[in-house]
Amino acid sequence: MNKLLISLLISIGVSGAAWAQGDAAAGQGKAAVCFGCHGADGNATAPAFPKLAGQHANYLVKQLKDIKGGVRPSPMMMAFASGLADQDMEDLAAFFSSLTVSKGEVADADLVAQGKKIFSSGVPSKGVAACAACHGPNGEGNGLAGFPAVKGQYSMYVEAQLKAFSKGDRANDPSAMMRDIAGKMSESEIKAVSAYILAM
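Residue numbering for the sequence shown follows the working numbering, beginning at 2 and increasing consecutively.
Honestly, the hints are just simulated from the structure, not real lab data. Ideal Cβ positions, reconstructed from N, Cα and C, are used throughout, including at glycine. A hint or two may mislead.
As the list claims (entries may be wrong) - Ranges between beta-carbon positions, derived for each pair:
#1 E188 / S122: 15 to 23 Å
#2 T101 / A27: 14 to 22 Å
#3 K31 / P76: 16 to 24 Å
#4 K118 / G30: 42 to 50 Å
#5 S121 / A27: 37 to 45 Å
Said to hold, decoys possible - Distance condition first, Cα-Cα at most 30 Å in a straight line; then the derived DSS-like pairs of lysine-lysine:
#6 K152 / K31
#7 K66 / K164
#8 K118 / K66
Sequences and hints are given; from them, build the entire structure.
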């Protein structure tokens, strides 16, 4: 059933994807204000901020539009997104997607191993689908379907987003997929998969 649902959502995502047509060079010129939090190389300056390097451009555009439109609450980002035109968003997305995400290190090998198991196989007893089903076996995501790349993302940021989905504080996921999955996960499972994602 999970595979059927995921296949259907991918099909919907492919047919409904809004293709970002940004200019990476123009985006670099517009990105200076982003560097303070997200880094000049797209690898955020602090683990509370997301790495944008290597993220799919379509996904970045959607998030900026969702923040600007109030669909994804983010008081800090709203101040920046509210002044962006669609072309600005596309250019910024093209720039950050052209960069390379850095890999992190996690000291707790057991936690990473537990997270790898959840990422690869899910938690069948709780109806939690494998993260890899949408985000890819190597965390590369699926740009056509609108599923973000997650590899190398800060564990603190991933954990915060999973908790936000779990509580319904973040609700801009297609068909409530992430809210459903995160809502079934324990805090320890969220912590483990977040640790693995950083180490990917």
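Checked hints:
1. For E188 paired with S122, a C-beta distance near 19 Å keeps the hint of 15 to 23 Å intact.
2. For T101 and A27, the hinted distance range of 14 to 22 Å is satisfied, since their beta carbons lie about 20 Å from each other.
3. Checking the proposed 16 to 24 Å range against K31 and P76 shows it holds: the Cβ atoms sit about 22 Å from each other.
4. Between K118 and G30 the C-beta distance comes to about 44 Å, which sits within the given range of 42 to 50 Å.
5. Checked against the hint of 37 to 45 Å, the C-beta distance between S121 and A27 comes to roughly 39 Å, which is consistent with it.
6. Taken as a hint, the K152 and K31 pair is honoured in the structure, with Cα atoms around 25 Å apart against an allowance of 30 Å.
7. Simply put, K66 and K164 have alpha-carbon atoms about 22 Å apart, close enough for the 30 Å limit, and the pair holds.
8. Distance check on the hinted pair: K118 and K66 sit about 34 Å apart at the alpha-carbon level, beyond 30 Å; violated.
Checked against the numbered hints above, the structure breaks only hint 8 and satisfies the rest.
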